[in-house]
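There are 2 protein chains.
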Amino acid sequence: MADMNRFESIPFTEVRIDDAFWNDRLRINREVSIPYQYEQCLKTGRIDAFRLQWKPGLGEPPHIFWDSDVAKWIEAASYCHAVQPDPELEKLLDETAALVASAQQPDGYINTHFTQVEKENRWMNLRDNHELYCAGHLIEAGVVHFQATGKRTLLDAVCRYADYIDSVLGREAGKKRGYCGHEEIELALVRLYHVTGERRYLNLSRYFIDERGTEPFYFELEVKVRTWGSLSYYQAHLPVREQATAIGHAVRAVYLYCAMTDLAGELSDPTLLRACERIWDNLCGKRMYITGGIGNLKQNEGFTHDYDLPNETAYCETCASVALIMWNQRLLQLDCDGRYADVLERTLYNALPAGVSLDGKRFFYENPLSSRGVHHRQIWFGCACCPSNLSRLFASLGNYIFSRNSDELTVHLYVQSSTIRQKVAGASIRLALETHYPWEGRVQLMIEVDRETDFTLRLRIPGWCRSHQIRIREKLIKPPLEKGYALIRRKWQSGDIVEIDFEMPVERMKSNPAVSFNHGRVALQRGPIVYAVEDADLEASAWDIILPENSNLQARWDANLLGGVTVIEGSALVPVQPHVNDDLYQKETRPQFIVTPFRAIPYCVWDNRQAGAMSVWIKDQK
Amino acid sequence: MADMNRFESIPFTEVRIDDAFWNDRLRINREVSIPYQYEQCLKTGRIDAFRLQWKPGLGEPPHIFWDSDVAKWIEAASYCHAVQPDPELEKLLDETAALVASAQQPDGYINTHFTQVEKENRWMNLRDNHELYCAGHLIEAGVVHFQATGKRTLLDAVCRYADYIDSVLGREAGKKRGYCGHEEIELALVRLYHVTGERRYLNLSRYFIDERGTEPFYFELEVKVRTWGSLSYYQAHLPVREQATAIGHAVRAVYLYCAMTDLAGELSDPTLLRACERIWDNLCGKRMYITGGIGNLKQNEGFTHDYDLPNETAYCETCASVALIMWNQRLLQLDCDGRYADVLERTLYNALPAGVSLDGKRFFYENPLSSRGVHHRQIWFGCACCPSNLSRLFASLGNYIFSRNSDELTVHLYVQSSTIRQKVAGASIRLALETHYPWEGRVQLMIEVDRETDFTLRLRIPGWCRSHQIRIREKLIKPPLEKGYALIRRKWQSGDIVEIDFEMPVERMKSNPAVSFNHGRVALQRGPIVYAVEDADLEASAWDIILPENSNLQARWDANLLGGVTVIEGSALVPVQPHVNDDLYQKETRPQFIVTPFRAIPYCVWDNRQAGAMSVWIKDQK
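For the protein sequence lines, the chains are A and B, in the order given.
Going left to right, the first sequence walks through residues 126 to 747 as my numbering numbers them.
Going left to right, the second sequence walks through residues 126 to 747 as my numbering numbers them.
Just so you know, the hints here were simulated from the structure itself, not pulled from any lab data.
Just to be clear, a hint being listed does not mean it is correct.
Repeated chains share a single entry, so a pair holds when one copy, or any two copies, can fit it.
[Said to hold, decoys possible] Listed next, the in silico DMTMM-like pairs over lysine to aspartate or glutamate satisfying Cα-Cα at most 20 Å (straight line):
(1) 603 <-> 139
(2) 712 <-> 674
(3) 180 <-> 579
(4) 548 <-> 220
(5) 300 <-> 149
(6) 411 <-> 713
(7) 411 <-> 669
(8) 411 <-> 437
(9) 486 <-> 185
(10) 423 <-> 433
(11) 301 <-> 345
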């Protein structure tokens with residue numbers, strides 16, 4: 126793995142975001158969504174489940190995945206507190222962390238369902254029961270609560286829990302040789318290793334990864350008769366190093382790939398990284414929507430076959446968007462290749478933020494690319510994995526912008542923000558980025574150094590950008606490019622300003638013809654933003670509108686629309702009579718068209734007005 | 126139900142087929158497919174399972190649905206023997222029927238799986254275990270074996286079995302109040318009632334229909350915890366009279382609708398018929414492929430939502446085509462409305478015959494409308510429901526052509542054939558139909574009467590036909606039309622010849638725009654035949670080819686191609702370079718096109734040459 130450019134992310138605690146696209150999103154996440162999610166967890170019994178007072182007859186029993194909802198809330202709220210300390214929030218966090226820890230059994234086990242509802246079934250069905258999945262989220266919660274507050278209540282509890290899990294599962298005699306049907310604990314254990322330095326946790330993660338998909342298959346041994354579910358649904362059909370396609374349940378899959386990437390780095394294991402690269406090529410080259418959403422099929426919440434990307438039934442679970450961002454972030458730290466940042470950015474500005482309403486109180490589980498007007502965000506879900514997952518990503522957004530290593534600084538995302546001082550090449554360096562990105566392509570990067578220093582600044586040139594200019598102190602420069610990054614090596618002085626202009630025209634995008642669903646259709650993209658047409662902006666239906674090749678399209682900033690967005694406007698055609706009658710099939714006729722005003726809005730803000738049809742892929746011909 | 130035109134089908138035993146389209150299909154079905162299917166049943170243990178010699182350790186245990194494969198083979202072979210007596214086949218049939226009957230338990234039960242493999246689970250899981258489904262097919266086999274041979278061995282056995290089932294299931298005290306998770310027995314019991322006159326069988330069928338979907342739901346009471354499957358998958362979410370959409374598993378659903386239609390007629394129950402009509406409107410108006418295939422989703426082998434008709438992943442199980450033909454035939458006898466015959470014909474000439482190779486030895490389970498060249502017929506299946514289902518439909522094709530009532534004769538399908546003498550309006554009448562349909566639109570119908578007789582001849586004017594002429598003794602007539610049928614009432618004399626000319630141009634068909642998958646695409650149809658492009662006929666790929674609106678297309682009979690078919694030929698366009706590179710999404714460019722020879726073949730004969738791409742819906746624009 127010597128040929129790679131390895132970096133570490135500058136953590137969100139060292140980055141201050143002040144950005145036109147993100148400020149409202151992050152404020153509403155903190156002020157509305159996170160308190161709202163706590164209320165929902167309280168109201169639905171998820172919090173009180175940890176009091177271990179449930180008895181048959183006493184209302185709804187704790188579900189097998191409830192613990193993870195509370196854990197992700199702790200993680201999200203801890204990030205918020207770390208970014209912007211809030212004594213009230215800290216109090217609630219500490220209480221909740223203590224409540225979770227209080228549910229720990231003498232042997233270290235924590236699980237509200239299997240402690241109260243099905244005591245006899247602990248570890249009996251690793252495939253379906255989500256015990257290790259919940260454990261993973263509890264571990265992440267303990268790690269982040271400690272990082273945000275310095276308090277060890279929950280961290281110590283999850284360490285004891287991880288120790289207990291290590292005593293139950295593994296290759297040694299007397300242990301169950303299993304692994305989880307919903308991957309998550311693998312990446313959580315790496316985080317626990319990072320914060321504790323305890324190598325046993327890394328080894329346990331490695332065991333889960335190495336054991337997965339080996340024969341005899343644990344999931345086949347575990348229960349004799351199954352009524353549903355193939356091994357590939359759980360990515361357990363082949364040893365992970367032999368897997369080559371994104372397969373099965375999307376969130377499970379990408380959480381696994383996250384841990385594989387973590388371990389590839391921690392253990393310098395090129396076989397794991399090669400598997401990740403193969404799978405990435407398949408997933409991002411043949412199975413990803415233009416919005417960066419993944420997982421095309423509702424029925425398995427996951428993948429089917431290459432280029433099977435229907436729009437109206439696109440599943441694109443919000444959690445899968447979170448997972449795809451997490452994975453590409455990990456790949457990017459191991460190998461600073463712009464293709465990973467391009468996918469990360471695509472999902473971050475499109476599929477992911479679509480997952481929450483602008484008011485922060487309604488959420489999408491599924492993020493289709495077209496709708497007849499019947500798909501809307503909901504206030505909560507029985508299986509409520511998505512809201513808190515999205516919130517923890519938003520709350521830790523600062524993690525994704527910059528990286529560093531001993532003598533380089535890297536800019537991955539053009540979010541207006543600044544870092545605290547970083548030690549690089551023996552100097553103390555601070556970056557401050559000013560921009561109206563993604564609405565404008567101009568970026569200014571101010572560099573402060575405590576003394577004149579020779580180091581490399583690595584600036585991502587987004588894959589969507591076909592022309593850019595870079596100036597330092599107003600002088601045009603042509604730095605070399607490496608894997609999608611411009612490398613500017615010079616003696617930096619305080620007051621150096623790098624100005625970058627990314628050309629950002631409205632672009633008509635086509636699919637690879639292998640995607641049959643998008644034939645005769647065009648999508649609009651400008652910068653990283655993918656657009657959609659929505660009935661609320663049109664005199665015709667978004668379902669019928671046609672955007673011919675020669676349409677004149679203009680981008681226009683509208684501060685008053687949907688929290689401030691750049692819209693794309695022009696004119697389009699609609700058939701006078703879309704179909705002769707209601708027949709499902711009928712003889713071709715030559716329709717008449719009329720001209721109609723056209724407006725497209727960013728996909729990420731759709732369904733924030735009255736209900737109506739929506740489409741990302743717009744007809745470009747009759 | 127007074128406003129309907131009720132008829133009874135002229136049975137296949139009274140019809141002799143001699144038709145250009147069907148002769149080879151029916152001969153190969155009889156000479157190749159049916160013996161081949163017996164061999165497969167023998168080789169895989171399905172036949173010997175009835176010897177009740179299986180013990181743990183003795184090879185593969187009988188599956189829960191194996192009995193139905195043997196039963197459908199008996200049914201198909203019995204039809205063949207009835208049409209064309211064959212002593213050798215009769216011997217094999219009698220042996221097999223005796224073998225099945227020999228497996229009957231003292232209480233009347235017949236089931237190779239639950240007698241040998243899971244004795245303790247008889248009637249324990251009606252939802253998933255297919256016991257009543259297998260019973261239904263055994264009953265049909267008993268009925269048809271008796272009709273074909275006059276022998277009661279199997280008929281008596283299935284009567285005892287039905288009596289036993291009647292003693293176990295029902296509303297009376299001490300009975301299980303259940304019904305089958307895979308409908309089939311309901312329609313079989315109506316057939317058993319017809320052949321035996323025993324009204325208890327009709328009542329049992331009625332019980333199954335009436336009980337279905339009522340609360341408390343039997344399937345929820347039956348087993349406490351289910352890992353998969355919603356009630357609607359089994360059409361058991363609502364009482365059948367309240368159902369309004371085609372829902373769940375397609376074959377289950379349409380077998381149910383068959384029985385509902387049977388009972389609507391037998392019991393003169395308009396509430397059942399209204400439910401069927403509502404469901405039919407939904408299924409055939411919003412959920413059916415242009416090939417007449419149904420069931421769009423692989424994961425539930427069934428339906429999703431209106432207009433969700435993707436092509437490459439179209440499931441269109443061959444069994445569902447059989448079921449759709451059976452259902453429309455039943456509706457057509459209750460209410461002689463051409464819309465039912467139109468759907469029946471669409472499926473019969475397109476989706477159904479595609480299910481078997483021209484050599485009769487390979488079968489499709491799934492019948493997609495496009496393929497990248499990787500979907501091929503198979504020699505057999507673990508779940509082998511389709512081959513024998515298709516064979517029994519082919520072998521009884523004669524049932525679908527003519528109907529009669531006390532003073533009318535009706536022609537539904539233009540298959541070259543003749544009837545034996547029918548008693549109508551007090552006379553003895555014989556019909557003989559001469560045609561090269563579906564390849565040509567000219568039909569001659571010869572009428573023989575034993576004396577000059579006044580009766581109505583009802584001739585279907587196919588829904589696809591926009592212009593037709595009818596002549597009697599060379600004189601043009603304009604008979605009144607009723608629900609898609611021309612009514613010719615006159616004093617018929619022997620030697621009367623009705624000549625019909627259906628105009629049969631090549632037509633470019635479009636989908637309702639609500640079907641997003643077919644945007645920018647056209648399908649070709651001529652008469653009832655739906656066409657497809659296949660790589661074997663093209664210099665370019667069927668996936669890339671474009672058929673502009675102004676293409677000049679000609680139909681040409683080719684006696685030497687694929688057993689003799691009419692092809693559609695002309696020229697088309699292909700892009701010089703379909704995509705700039707392999708990127709999944711990229712900026713629109715203006716492609717260059719070249720002209721290329723075009724040929725389309727009937728969909729029903731695709732995948733009978735070298736592997737390659739195929740598509741029914743052809744791009745009509747870049």
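The hints, checked one at a time:
1. Proximity of residue 603 and residue 139 under a CA criterion of 20 Å is satisfied in neither setting, with 30 Å inside one chain copy and 88 Å between copies.
2. In this homomeric assembly, residue 712 and residue 674 come within 20 Å of each other (Cα to Cα) only across copies, at 12 Å, whereas the closest approach inside a single copy is 26 Å.
3. In this homomeric assembly, residue 180 and residue 579 never come within 20 Å of each other (Cα to Cα): the closest approach is 66 Å inside a single copy and 80 Å across copies.
4. When the C-alpha separation of residue 548 and residue 220 is checked against a cutoff of 20 Å, the pair qualifies neither within a copy, at 37 Å, nor between copies, at 89 Å.
5. In this assembly of identical chains, the alpha carbons of residue 300 and residue 149 never lie at most 20 Å apart, being 49 Å within a copy and 64 Å across copies at closest.
6. Taking the closest pair of Cα atoms, residue 411 and residue 713 come within 20 Å of each other only across two copies (18 Å); inside a single copy the shortest separation is 33 Å, beyond that limit.
7. Only between protomers do residue 411 and residue 669 lie at most 20 Å apart by alpha-carbon distance; the minimum there is 18 Å, versus 27 Å within a single protomer.
8. Taking CA atoms no more than 20 Å apart as the test, residue 411 paired with residue 437 passes in both settings, with 18 Å inside one copy and 16 Å between copies.
9. Taking the closest pair of Cα atoms, residue 486 and residue 185 never come within 20 Å of each other, the shortest separation being 24 Å inside a single copy and 55 Å across copies.
10. Taking identical chains as interchangeable, the C-alpha atoms of residue 423 and residue 433 lie at most 20 Å apart whether they share a chain (13 Å) or sit on different chains (13 Å).
11. Only within a single protomer do residue 301 and residue 345 lie at most 20 Å apart by alpha-carbon distance; the minimum there is 13 Å, versus 33 Å between protomers.
In this structure, the hints that do not hold are numbers 1, 3, 4, 5, 9, in rising order.
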